[in-house]
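J.: Sequences listed follow chains L and F, in order. Quick note: the first sequence uses my numbering, first residue 1, plus one each step. Quick note: the second sequence uses my numbering, first residue 1, plus one each step.
Think of the hints as simulated: they come from the structure by calculation, not from any bench. Because the structure is a prediction, the values reported are computed rather than measured. A few of these clues could be false.
[Unchecked claim] Incomplete in silico selection of chain F near chain L, CB under 8 Å:
1. Thr86
2. Leu109
3. Cys125
4. Pro180
Don't be surprised by glycine CBs; every beta carbon is placed ideally from N, CA and C.
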Amino acid sequence: MSIFSIVLSAILTDNFVLSKFMGCCPFLGVSKKISSSIGMGLAVIFVMLCSTAITYPIHMLVLAPRGLAYLQTMAFILIIAVFVQLVEIILRKMIPPLYRALGVYLPLITTNCAVLGVTILNVDNFSNAPTFLEGYGKALLYAGCAGIGFTLALIIFAGIRTRMENSDIPEFFKGIPATLIAASIVSLSFLAFSGMS
Amino acid sequence: MAKTTKTSCLKEFTKGIIRENPNLVGLLGMCPALATTQEAKNAIGMGLATTFVLLGSNIVISALRRVIPKSVKLPAYIVIIAGFVTLIQFLLHGYLPALYTALGTFLSLITVNCIILGRAEIFACKNNVWRSALDAAGMGIGFTLALFLVGSIRELGGAGTWMGIPLTKGFEIPILTQSPGGFFVLGCVIAIVSKIARKKPPRTIGCQGCPMSETCAASQGGCSK
Chain L
1 MSIFSIVLSA ILTDNFVLSK FMGCCPFLGV SKKISSSIGM GLAVIFVMLC
51 STAITYPIHM LVLAPRGLAY LQTMAFILII AVFVQLVEII LRKMIPPLYR
101 ALGVYLPLIT TNCAVLGVTI LNVDNFSNAP TFLEGYGKAL LYAGCAGIGF
151 TLALIIFAGI RTRMENSDIP EFFKGIPATL IAASIVSLSF LAFSGMS
Chain F
1 MAKTTKTSCL KEFTKGIIRE NPNLVGLLGM CPALATTQEA KNAIGMGLAT
51 TFVLLGSNIV ISALRRVIPK SVKLPAYIVI IAGFVTLIQF LLHGYLPALY
101 TALGTFLSLI TVNCIILGRA EIFACKNNVW RSALDAAGMG IGFTLALFLV
151 GSIRELGGAG TWMGIPLTKG FEIPILTQSP GGFFVLGCVI AIVSKIARKK
201 PPRTIGCQGC PMSETCAASQ GGCSK
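Isolated chain F (complex conformation) (with noise of 0.2 Å):
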């Protein structure tokens, strides 16, 4: 994957949102999933504030890829995307505050996921604006996508409703919106997509199964958010 070169700028976008979906079948951003999806809402929301920081520190860590010292790549990448964060923890205060209350920590929390280090230390410090941008998008419209999948399945199974409208009501499993039910939701899902993809479900999560174990700044791995 190091030598995209060659792939074409619409591959770039698309592998995100399926073949490597960040989420089903990368296994990142664990926390996220399980717990901003109680309601199709808030997972749409959670996932559009993690694709925004994405392409935000996506951007910009690849244009300042020649400029930004190979021993302090980690901190400043941090930091980088720390800032987004803040960025986009005002923009939901101001414009969205009933989001903002429902994501609560989680939104501070985009910092650590996965998902975004991951892509800066594999794409964005590898490859030029345009494709990193693209690739954020990509990768983000999957996170996205994969939250909205779990998130419905949970609102309509649990509560009754999909998106605050009501459509199982009478039917629902309440524990489905409860902890327990995340996990199992997200565990039955990831099995479900890799059965249609028809290979084997990863058989480890974090620094072992990270995309990015090799080349993680943090010597052992460092990647196990």
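Next up, chain L with everything else stripped away, as it sits in the complex (with noise of 0.2 Å):
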């Protein structure tokens, strides 16, 4: 893949909400205001690319040289675990601002599966790179662009759910429903990036 396909597909064409229906409940749970949905969106987007920058050299030197890539998946959720607990503890000593906006958001993320999808997709997709150096930059590319199509995505997302608030919605629609319908809506939007088929 080139650079540049890497850039729009993670985005736009396959974004990861709203066409791989990764990360849902995030999507669905944390976007009722647009300011929590930056936050909650920039925690991802710093997640993903440093758990990408961790699991990516793991799988592609210790994992797949021994024969033991079929432990990734256990591999992979424990470094998130373990990690994003880390970055709590140091964000909170060491930058109190970024913490208090991003804070909250960080335990949510922990068993998001964007997160683990996107160091999935990573191995899957780029581990046959041929140089280590070239799969490991495409790989973080794809997880920071990933994360920014999720962003994107819900902050969008966001901006009109503050606007259904006060519709008219038959009253077994009201809530989670209509918001899936919302969610629909949106998701065709994106599908016109593929164009139909």
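Using the hints, build the complex out of the two chains.
T.: Have a look at this one:
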């Protein structure tokens, strides 16, 4: 994949939430206000980048050469869980303003399937790159762009939800069903980026 | 729900199927319910794979509930769950390679399915092995049925087939098998289920709506999987 196509597919055509369905819970849960969706989005970008930075070398240099690739799921989820805890502690001690902005969202991310998903997809997509560094660079780029795509979807959706608050919806559609149908329409607009099949 | 010792074993099993259906009533595990339901067949596969992991992890966690120290509860659960996920990956890769390819990444993502960690936190760590197994079987079957329902609607409406058998060819709306259709069908199914159950649909999802938000070890209710 060329760099341009990685960026375009991760942000728009293969958007993590709207076409890959990863990270639906935070997408539907934390999208009530634009401010909180920006915080959540930034935290996700940060964790996706950092966990890819750790898991990709671990897969390439430790697991794959020893034929232990099947331990991927277990190793990755442990790394992500440990890492998120670590980031929380470090941010609280070192950069309190950033912690106040992102801190609330960090624990929610530990088991967000978008984060585990991006690390696994990176290994699937880029593990056969000619050189380790090329694969590593592309993996990091993909992780960053996937996070940006997630944030974009979250912010757009938060804008729509604030407008939906006062609309007149049938009683049994109120709440989650209406939210899901709104998500379906947003997803429809993103589908246009890949063209109708 | 913490004190369930009085409920009969049968109730333990049946509650997950309709009344406390983890997917349509509890709103957990939304990602697989959207991503693996293009075809009814894949939906059943995903449901059964999740049931397998849920059953295994619930039994092991409940058997070890006095051994695992409280402070490392969550990492221990995650390792047990990931172990069973690796096991089902091997089994599917070996015996059902077509399903293995169709489910793809979402097979690994069973590890972070809310339902499994949720049942471990809410049920398995407080109840004996037999009850935990029944609970897991009920919840797993409930999840499978929910996925199967959404998958059947999407496949019938979107591809004109059901379980691969052509039924409504010529009337299909292809968008239903694509991502917008997933959100739309799931939204409608949840609305109809809450209409039939005659109660208001849940207003929140994720951590706020998650039954384990109080107990979840990640202080703010880290169950936003």
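J.: Each of the hints needs a verdict: does it hold here or not?
T.: Here is what the structure says about each hint:
1. Satisfaction of the interface hint for Thr86(F) is found here, the shortest Cβ-Cβ separation to chain L being roughly 6 Å, below the 8 Å cut-off.
2. Among the interface hints, the one on Leu109(F) holds; its C-beta lies about 5 Å from the nearest C-beta in chain L, closer than the 8 Å criterion.
3. Of the supplied interface hints, the one on Cys125(F) is violated, with its beta-carbon coming no nearer than about 17 Å to a beta-carbon of chain L, more than 8 Å.
4. For Pro180(F), the suggested interface contact is upheld, since its CB lies about 4 Å from the closest CB of chain L, less than 8 Å.
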